[in-house]
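Join the two chains, each given in its own frame, into one complex according to the hints.
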Amino acid sequence: MTTRIDQRFAALRRERRAALVTFITAGDPDSETSLAIAKALPAAGADVIELGMPFTDPMADGPAVQAAGVRALKAGQTMRKTLAMVRDFRKGDAATPIVLMGYYNPIYIYGVEKFLVDAKAAGVDGLIVVDLPPEEDEELCLPALKAGLNFIRLATPTTDDKRLPAVLANTSGFVYYVSITGITGAAAADPAKVKDAVARIKRHTELPVAVGFGVRNAEQARAIAEGADGVVVGSALVEAVRQSLDEPGKATAATVKAVTDLVAQLAAGVRAARK
Amino acid sequence: MNVPQEPNSFRTGPDERGHFGIYGGRFVAETLMPLILDLERAYNAAKNDPAFKAEMDGYLKNYVGRPSPLYFAERLTAHFGGAKIYLKREDLNHTGAHKVNNVLGQILLARRMGKPRVIAETGAGMHGVATATMCAKFGLECVVHMGAVDIARQQPNVLRMKALGAEVRPVMSGSRTLKDAMNEALRDWVTNVHNTFYCIGTVAGPHPYPAMVRDFQCVIGNETRVQLQEAEGRLPDSLVACIGGGSNAMGLFHPFLDDRSVEIYGVEAAGHGLDKLHAASIAGGRPGVLHGNRTYLLMDEDGQIQEAHSISAGLDYPGIGPEHAWLNDMGRVTFLSATDREALAAFQLLSRLEGIIPALEPAHALARVAELAPQRPKDHLMVVNLSGRGDKDLASVAEHLGGQL
Chain D
983 MTTRIDQRFA ALRRERRAAL VTFITAGDPD SETSLAIAKA LPAAGADVIE
1033 LGMPFTDPMA DGPAVQAAGV RALKAGQTMR KTLAMVRDFR KGDAATPIVL
1083 MGYYNPIYIY GVEKFLVDAK AAGVDGLIVV DLPPEEDEEL CLPALKAGLN
1133 FIRLATPTTD DKRLPAVLAN TSGFVYYVSI TGITGAAAAD PAKVKDAVAR
1183 IKRHTELPVA VGFGVRNAEQ ARAIAEGADG VVVGSALVEA VRQSLDEPGK
1233 ATAATVKAVT DLVAQLAAGV RAARK
Chain U
1088 MNVPQEPNSF RTGPDERGHF GIYGGRFVAE TLMPLILDLE RAYNAAKNDP
1138 AFKAEMDGYL KNYVGRPSPL YFAERLTAHF GGAKIYLKRE DLNHTGAHKV
1188 NNVLGQILLA RRMGKPRVIA ETGAGMHGVA TATMCAKFGL ECVVHMGAVD
1238 IARQQPNVLR MKALGAEVRP VMSGSRTLKD AMNEALRDWV TNVHNTFYCI
1288 GTVAGPHPYP AMVRDFQCVI GNETRVQLQE AEGRLPDSLV ACIGGGSNAM
1338 GLFHPFLDDR SVEIYGVEAA GHGLDKLHAA SIAGGRPGVL HGNRTYLLMD
1388 EDGQIQEAHS ISAGLDYPGI GPEHAWLNDM GRVTFLSATD REALAAFQLL
1438 SRLEGIIPAL EPAHALARVA ELAPQRPKDH LMVVNLSGRG DKDLASVAEH
1488 LGGQL
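Residue numbers (the numbering used here), protein chains in the order written: chain D, 983 to 1257; chain U, 1088 to 1492.
Same shape as in the complex, but just chain U (with noise of 0.2 Å):
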């Protein structure tokens, strides 16, 4: 296998073509497709203009709350004895999660595009509730599609979702998780294409998606780099996140990418166990094509996907964004993995350390900081991204733990 050489910056992808080395691309029906092309024209103008900034940055200061803060997790520090440990504090954001800071650019760029209706897919919800909050906010119409299964498991996220205005689909087919609801979502873009937008939740799907769901949530890492000039007078050692479709840790990632010290490491859910049923992409897939792109993915020997699992909703999905895929192979970021169990525990100790309770996701990524954290010197300057809050998940985690919370 050819080993590719490594770049002068790993921050120029994707090609004009969407391309980050072989992953990404535009893998849609041919009736998306122009729907594609529009979409990449108006972020492409957006993106140039500094009135859509100014707007982005004046709802992203004044409704989202941002910046989100950058707190020193002394106890949790103290806990491990190695790594000095910062969190960065998504889940502080308006709707719970970081998901917001995406949803409010695509957004505004479906008010640019005069599209009246949007519809999302969502896992764990978050993505849904953002999506529905934004809509709610500028008198959008809103249809979100989500599974069964993730229906059952996030009711709290589902009732939000009803109570701001949005129309929750529930997605029966396939796995009834956030793969198929993906499924559901392109299904209903396909039929409405005259005025619907569609508002992806990760940095995943066709060229443009990956790249602008990436660049809305950079604004984490580019926080994070003054916060921690400010606390610290210099760069992280180390950046960890947990892993689904990836845009949580691309957001803090992306902005450090060519800051070569900067230790990177990507969490992805190993489920039961990485020889038995999970959702880590990376560490149990191979490279294939689903949902737009190209990009590791897990399935059988013919090719057919295979179901996920994940304790998390949010990381329950066959596949992880295409950066994350190219990211891999160039050995900038290194993926790990986190179980079911790990993750439960990582709960916890967060929830009584910090009084902080985290959602699921994040935990993974936490779980991994417990091996990491300890190796490291206390000089060493550790950020977790604490992507968004548990609230979502204390029922399922009480039902795992026996009602022992």
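Extracted from the complex, chain D is given alone in its bound form (with noise of 0.2 Å):
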């Protein structure tokens, strides 16, 4: 099998570059924006999306990513209308990979096969769910695979040598490697320690190794991509879209652009690492 993410890998490896990873979390901070907002990263510079599934309970993300949370469910993001945003997306799109990345129980609720069958033919790539380690492949991850999506595992640095083999097992499309112990928009990790981790990482698998957590700016992008095969921002990017909200907190004429300049200038530190 092979998915948008692992032909979007294997170009970028070919152009001896790291990609860029970028998370928005779907419906913020209203369904039409976040739209606009995903249309236009391709362009800007994004190799493959990030798409946040919001839930009332993000128990792994900081204040950036739960506040986005927020803004899209008061919004009234569903994850009905998350699916449609992704089928919207596709019409206009059909090489951009898409990771919907959030939490278990509104795939849960919404139903695992039914979720599934929807989310693959939306066009969704893969599934990041935090709340779903190895030891619960069962619930989603194996009926994931099985349906052809990829599921994308988080190793960390409590992740030991001797663990890491039980969270490879089942991953696939790319190894998100969170680069500190802590929540999402924490502080940034020390490159050269990261540059080790992915090392220790890729002695157990031959998937591309991507590196988030605390990723705001062009230079750490770069500092990041010289030792990763993708960087992943997040916080970053939700904190531009909420800074340039009006005072009831709605969208302007600035919020896509906020964002596509971020990314534009995060494209440029990755493609300025050396490799």
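I should point out that these hints are in silico values taken from the structure, not numbers from a laboratory.
Don't take each hint at face value.
[Claimed, not checked] From the structure, some residues in chain D lie toward chain U, with a derived Cβ separation under 8 Å:
id: 1; residue: Phe1037
id: 2; residue: Met1061
id: 3; residue: Pro1088
id: 4; residue: Leu1114
id: 5; residue: Glu1117
id: 6; residue: Thr1140
Keep in mind that this is a model prediction, so the values were computed, not measured.
The beta-carbon is built from N, C-alpha and C at its ideal position, and this holds for glycine as well.
This is the structure in structure tokens:
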């Protein structure tokens, strides 16, 4: 099975550069603006789009992503709308991989089987579900792989060599290395340590390794890109959304551009990395 | 829907992956997974170590003040005119509630694991106070995450925690109550994995917490069995306890689950009423996944968790321990509920009749006793878990009663 994610990382490997993986929350600040942002991301330099499925209780997320989820839910975002957003995106872009990221409960309540069918049909390529470790693979991971979706697992500094094989066993698409022990949007990791950690993971897998948590500007993106196959940026982008909103929290003419400007800088950083 | 087959014993769970039927499990971020596996290993080792049990028993006796009395509530019994009512006096424990039984166990475990920093979530503040107390006693750093709404309505406990040297961190996210305090504690844990022990206050969370907290709380039911044997020469006919997450209830119920003659009632918080804002996850929820386990949760049709409401901060949580969820499905425990108003009435009744001011949490159990007891014959033995004392609630009770205490 070759997915858009596999194809994209293979193509970037030929270009000898790392991927820029951009996270935005679906429906933030409203579904229309959120779709406009997503559509503008590839041209601004995003190679992979992670689309957050908002959840009331995002236990692994810091204040920025929490607030983005609150904005989306307040604007009426639902799982149905998130899947519809992917369908609309796919009408104009058949190549950019889309990964849905979030927590298990909204998927479980939507119905795992129905979710996988609808997600695949909408044009989703992979899933990252924060609260499903390998110990719970039967819940969603194995059915997702069977449905032809990538299941992208997080590896962390606490995932030691003994545990790593279990974490990687049913992982596909890429491995998401969480560079710090902490929540999203926390302090950035030391690039040298990240490089070592990526090398450690690569001893156990052929999969590309993307690194996230704490990357917020072009310089950090460049530094991380030198030692990894991908750089994930999330909190900084949803923070750019927030800063562009008007007083009552509505989107403005500047909202889409606020995100794409930052993505363009990050993309330049990733492309400037020496590989 | 498949009706689960009744097991030979209700006391063998969970399985090795932490499941009680479909409930429980380990739904946590990868960062925490190795810690949870470590904790499970450490707990299993401690459980089988006679030295751990001896240490625990010593502190339970000399520091906590156990066994707690099983008290025959004569005037309450006469008032209802039915079942003979016994109160298991967990309110008389050091720190004023059952919470300390579990905290003692977890803090001794934290010491064995060499963790210098302890975090906890708290709703009513009783778990926070118990954690702050044990951390003071053993010289550990203590940070308690508490919703801003709860901080306002449980001031006495906030002051107690501070006096004990703990840091109380106000939680400003979400509904600013217990659910959000747990989110924040999990975020703290994920950030400070290297030195931090997460002391969960109820029979919920990822495996092994539901089983471990239950085991530590079973001292309640084990004592009750012995004490009632001494007083009456037999088993109780019924057990009643309030349920938020459900640790005081599980501690009383679990040792009696296989005594099929014993009726068991858990009382959830019905808040303003089951058709309005409430915290009764069995009555008004359905199975979902939150805070590391699958269990009954209050949520909307899109799987978003709803805010619970109860006058009692300790019951103000949109979920319930996974083992309770399973016992509900198996039909072994009957789940009832009581409203804010009913709990307030029971609070006043017990205070006036027995000279015991109950916490608002067990007042919910007492509110259903008001119905259950009169329907039972006079030789029916009913044990109610008086899980905590009500000093902490006096200000908010006075406010709800319009200053008329």
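*Let me know if the C-beta of Phe1037/D comes in closer than 8 Å to any C-beta of chain U, holds or violated.*
holds (7 Å)
*Given Pro1088/D as an interface hint, is the shortest Cβ-Cβ distance to chain U below 8 Å?*
holds (4 Å)
*How about Leu1114/D: closest beta carbon in chain U under 8 Å, or not?*
Holds. Min distance 7 Å.
*Does Thr1140/D pass the interface hint, meaning its C-beta sits closer than 8 Å to a C-beta of chain U?*
holds (5 Å)
*Minimum Cβ distance from Met1061/D to chain U below 8 Å?*
Status holds, d = 6 Å.
*asked:* Given Glu1117/D as an interface hint, is its Cβ closer than 8 Å to any Cβ of chain U?
replied: holds (5 Å)
Going through the hint list in order, the structure satisfies each hint without exception.
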